[in-house]
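Enquirer: So the protein sequences, as listed, match chains A and B.
FYI, in my numbering the residues of the first sequence are 1 to 391.
FYI, in my numbering the residues of the second sequence are 1 to 160.
Just so you know, these hints were derived from the structure itself, not from any lab.
Wrong hints could be hidden among the right ones.
Said to hold, decoys possible - Below, a list of computed lysine-lysine pairs in the BS3-like style, where the Cα atoms sit at most 27 Å apart: (1) A/185 with A/215; (2) A/165 with A/358; (3) A/63 with A/262; (4) B/107 with B/152; (5) B/109 with B/48; (6) B/107 with B/48; (7) A/294 with A/284; (8) B/151 with A/51; (9) A/164 with A/254; (10) A/185 with A/84; (11) B/7 with B/72; (12) B/7 with B/83; (13) A/358 with A/152; (14) A/165 with A/254; (15) A/22 with B/141; (16) A/294 with B/152; (17) A/51 with B/146; (18) B/152 with A/51; (19) A/159 with A/185; (20) A/51 with B/141; (21) A/51 with A/63; (22) A/294 with B/146; (23) B/83 with B/72; (24) A/346 with B/152; (25) B/151 with B/55; (26) A/63 with A/284; (27) B/151 with A/346; (28) A/284 with A/254; (29) B/7 with A/215; (30) A/152 with A/185; (31) A/310 with B/7; (32) A/294 with B/7; (33) A/294 with B/151; (34) B/83 with B/109; (35) A/284 with A/22; (36) B/48 with B/151; (37) A/84 with A/215; (38) B/141 with B/151.
If you want the building blocks of each chain, they are given just below.
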Amino acid sequence: MIDYSKILSNTVQSIKPSGIRKFFDIAATMDDVISLGVGEPDFQTPWSVRKAGITSLEKGKTKYTSNSGLEPLRREISNYINRKCNVEYDPSHEILISVGGSEAIDATLRAIITPGDEVIIPQPSYVCYEPITALCGGVPVIIETLAENDFKVTPRQLKNAITKKTKALILPYPCNPTGAIMERKDLEALAEVLRDTNILVISDEIYSELTFAEKPHVSIASIEGMCERTILINGFSKTFSMTGWRLGFACGPKEIISQVTKIHQFAIMCAPTTAQYAAIEALKNCDEAVADMKAEYNRRRRLIVDGFNKAGLTCREPKGAFYAFPSIASTGLTSEEFCERLLEAKHVAVVPGTAFGKGGEGFVRASYCYSTEHIIEALRRIEEFVKEIEK
Amino acid sequence: MRNEILKLLGANARYTVEQIATMTASTPEAVEAEIDTLQKEGVICGYKTVIDWEKIDATTVSAIIELNVVPKADLGFEEVAEKVASYPEVEAVYLMSGGYDLNVVVKGKNLQEVSRFVARELATIDSVTSTATHFVMRRYKEMDVKLIETKKDDRGTFLL
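Okay, chain B solo, but in the shape it has when bound (with noise of 0.2 Å):
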């Protein structure tokens, strides 16, 4: 049952506990009780909504940095990693195989905001030896959340 309720509240965390619980043919305080578990184990981190702010004209800006890292002898890339994902402008921060080491998703108010923060905050760290930044120009689909225009339902009204 774990698996469907993470199916359920991956695809929408506003189900409630009820309609779950119709859902997976169980009782709400069955469902209750397995999140309460899944969050305690810390399978299930946060509930986040998909916001697109571009549509209610709020300034914010969007960036993808490539950072190059040294690794420590003990701790790999852990420390760097943490010391980024501590920075509340740092959304996402990824371990990656390939040309780079670290994926670090950072948000500001604009352009200059975001390149301060990377130049100041980022690229300082110790271990890091390069940066390389990208900003977002537009954003189509987040979190399996299509952004821009959906597809209309094209089948008619009724049909038997």
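Excised from the complex, chain A in its bound form (with noise of 0.2 Å):
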């Protein structure tokens, strides 16, 4: 018999699986589960998008690309990013098509990291920073947003973080779970913290569309001082749902760029062909697309938000992407005790705060991309469980 833990990685085998497997298992059981549990939209992607992917494959486009994508896409999101962030990208040598924002987050990492490099992760957050970074020997280094701070990174907490040893900072926003944002101020406020160290940032801004405040979405590699150390993680996944077709960009200095894609050559060879003339047509026809998807998400949120506060479980305001992270604090459960029983007493499904860090116990993650139909019914049934619970 071969013991297999004494074959496979130490490192992967240490990484811990995810904190939701003995929901899924829950919820399999279950015939009419209602989910406020999923990351992706709902939502199609646009037709023309569809419809050029197809005519693509009509036309045999079946080959590889060059490592780097299509040049024509490149230029495309070259053109994007400086309408979107203001900041310049030469689609020759500083950007790379990956398969999803997935992949650029780990080619990244890969391209960065020495083992024993500290990173520093905002938690809650999303899952696989952590677990890619162990993976490469980094070590990382959590931070802990708070409500008070609406789920910012401050200047002072970034202070505490760095050390000797620090490679780089991830920073998720708009953010999922939590829905926060950094506004310019407060990219500003960290901006001065780095720009005398060799410290980069990874900015995973895979939400960037999805931002419902009164200015539109800053991206900290236009602050000043920071493009050079910054390299700017977006992707088609959210803003054009094409979560299935596995397209995202890396951007940032040539001298980051081509050693992000040299790891890409080797793992990937090119991101998916079908999918980068697909985004090709996204980029140059589909604003007004994103922007009835935004208002649809955006009524959305409010009703979410105004429902769990009305269900007694706080809920600030998300100012992006398509979560609410509402406190189940009053309830006195905690985050995994009140997901079990929501879903054994109303067959409602959300995700455990405790999922995305130690920093989330307290909160539940529900996500807005469904149906305003189907979000009242889970709300209702929600309304329900907390004045059973009270009682």
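Put the two chains together into one complex; each comes in its own frame, and the hints tell you how they fit.
Expert: As structure tokens, this is what we get:
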């Protein structure tokens, strides 16, 4: 009998599996689960984008593209980022088209981490940063963002987390699961701390289009002195409802992007060709479709925040992404207990905040990428559940 | 705001004033007032429910009738269109471009009733020169509502 635990990588084995496995299993036994648990849009990819993908297949565009991705797409991305973030990236050397924002994050971390390097990761946040850092031999250093700071990273927290070994800060805003955003003044305060260091910023801006504040999304790359040390990561999954197409990009100084591209070349060759052709159409012609989707998300956002507050679960207004992060402290239950009991009693699925880091204790994540009718029904059941606990 | 209210009520006439107010970052009073105005202006003309009568076994037949009409000097098609629209059997009347003039949707209990209505009431109207009746075999989508099996949400229950 082979003892696989002696053969598999120690690092891999030490990475804890996703904390929501058991919820999957419970939910799988139920018939009428109303889920607020997914993290991908319910909208279809705009038809013109799907058509562009189909047309590229009909024309036989099924070969590898260049490692960095199709040149017309890199040009469109450069225009897009310039238009949205006021930062110029040279499409020839400073942009890599990747398999989703996920691969861009992975390849970037692999390109910059020497084993022992520290990577500052704010939590609660998306689950991949810690394990990928560990897999590269890096040391995750967690900053616990707080509700009272609207889950933003403060300059003081950043200063306290920096050591001689700090290689990079991951800055995921707008943020999954908290829905938090960082505005210009918040980013300028962090830039003050970072400007004279050698610390890089990996800015995961995948939810950039879903910003519901007065001012549009600001990238830290546009702040003075930051472009030379920022790798801006974004993609097509959330903005254009293209999750399954697997397409993203990394922008940054050519010295960094060339190394990230090297890894990408060996590991992946190129991002899916069909997706790249479709993405050109998305960037050229889908502003209106994106605006419509955003308006619809905004209506749902208001509905879900109001619903949680009415149910007695304090929910601060999330200004980005498509998640509400209400506090369940008033129930006296832990996040996991709340989710388990809500699922059993009312067949409503939400994700415990602890799935995103220890700082998520006392919170749950509810997505609003569902129809308003679906959200209204879920909120009704949640309100009933909270009343029943109070008794 | 009125466009947003119309979009929401157009999608689901059963949204409450409170829900619409929440979704449009307004107040129930302001939403109520705007709906009132839209009704008075005739922008909102009615609230109807989309019903699939076949599912409860009720006998009902629909037909689409193409009418050709000789328009009147001053009134054009208005007089005929109004007369056709006044019948309770008539669900919809549209003036059309192309091969015929008025598109009329008629509902009845059965084939004979609809045919009799067309022959006795529509074909006999003074300016109507011809009718062509097409019976609806199956309804798939109406007023933006799918009547056939709706697609299940094939995303998982959880996904980070």
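Enquirer: Confirm or reject each hint.
Expert: Status of each hint after checking the structure:
1. A/185 with A/215: holds (12 Å)
2. A/165 with A/358: OK: residue 165 of chain A and residue 358 of chain A at ~23 Å, within 27 Å.
3. A/63 with A/262: holds (20 Å)
4. B/107 with B/152: violated (31 Å)
5. B/109 with B/48: Given that 27 Å is the threshold and the Cα spacing comes to 20 Å, the pair holds.
6. B/107 with B/48: Satisfied, since the Cα-Cα distance of roughly 16 Å is no more than 27 Å.
7. A/294 with A/284: Roughly 18 Å separates the two Cα atoms, so the pair holds.
8. B/151 with A/51: holds (21 Å)
9. A/164 with A/254: Satisfied, since the Cα-Cα distance of roughly 25 Å is no more than 27 Å.
10. A/185 with A/84: Given pair residue 185 of chain A, residue 84 of chain A holds - Cα atoms ~18 Å apart, limit 27 Å.
11. B/7 with B/72: violated (37 Å)
12. B/7 with B/83: Violated. Residue 7 of chain B to residue 83 of chain B sits at ~31 Å, over the 27 Å cutoff.
13. A/358 with A/152: holds (16 Å)
14. A/165 with A/254: holds (24 Å)
15. A/22 with B/141: At roughly 40 Å apart (the allowed maximum being 27 Å), residue 141 of chain B and residue 22 of chain A break the hint.
16. A/294 with B/152: holds (23 Å)
17. A/51 with B/146: Given that 27 Å is the threshold and the Cα spacing comes to 23 Å, the pair holds.
18. B/152 with A/51: Measuring from Cα to Cα gives roughly 23 Å; hence the hint holds.
19. A/159 with A/185: Between residue 159 of chain A and residue 185 of chain A the Cα gap is close to 17 Å, so the pair holds against 27 Å.
20. A/51 with B/141: holds (23 Å)
21. A/51 with A/63: holds (19 Å)
22. A/294 with B/146: holds (24 Å)
23. B/83 with B/72: The hint holds at about 13 Å.
24. A/346 with B/152: Given that 27 Å is the threshold and the Cα spacing comes to 20 Å, the pair holds.
25. B/151 with B/55: This hinted pair holds, its Cα atoms lying about 18 Å apart.
26. A/63 with A/284: holds (23 Å)
27. B/151 with A/346: holds (24 Å)
28. A/284 with A/254: Within the cut-off at roughly 25 Å; holds.
29. B/7 with A/215: Holds, at roughly 25 Å.
30. A/152 with A/185: It holds: about 12 Å lies between the C-alpha atoms, which stays within 27 Å.
31. A/310 with B/7: OK: residue 310 of chain A and residue 7 of chain B at ~25 Å, within 27 Å.
32. A/294 with B/7: holds (15 Å)
33. A/294 with B/151: holds (23 Å)
34. B/83 with B/109: holds (22 Å)
35. A/284 with A/22: Violated. Residue 284 of chain A to residue 22 of chain A sits at ~43 Å, over the 27 Å cutoff.
36. B/48 with B/151: Distance of about 24 Å is within 27 Å: holds.
37. A/84 with A/215: Within the cut-off at roughly 12 Å; holds.
38. B/141 with B/151: The given pair, whose Cα atoms are some 13 Å apart, holds under the 27 Å limit.
Checked against the numbered hints above, the structure breaks hints 4, 11, 12, 15 and 35 and satisfies the rest.
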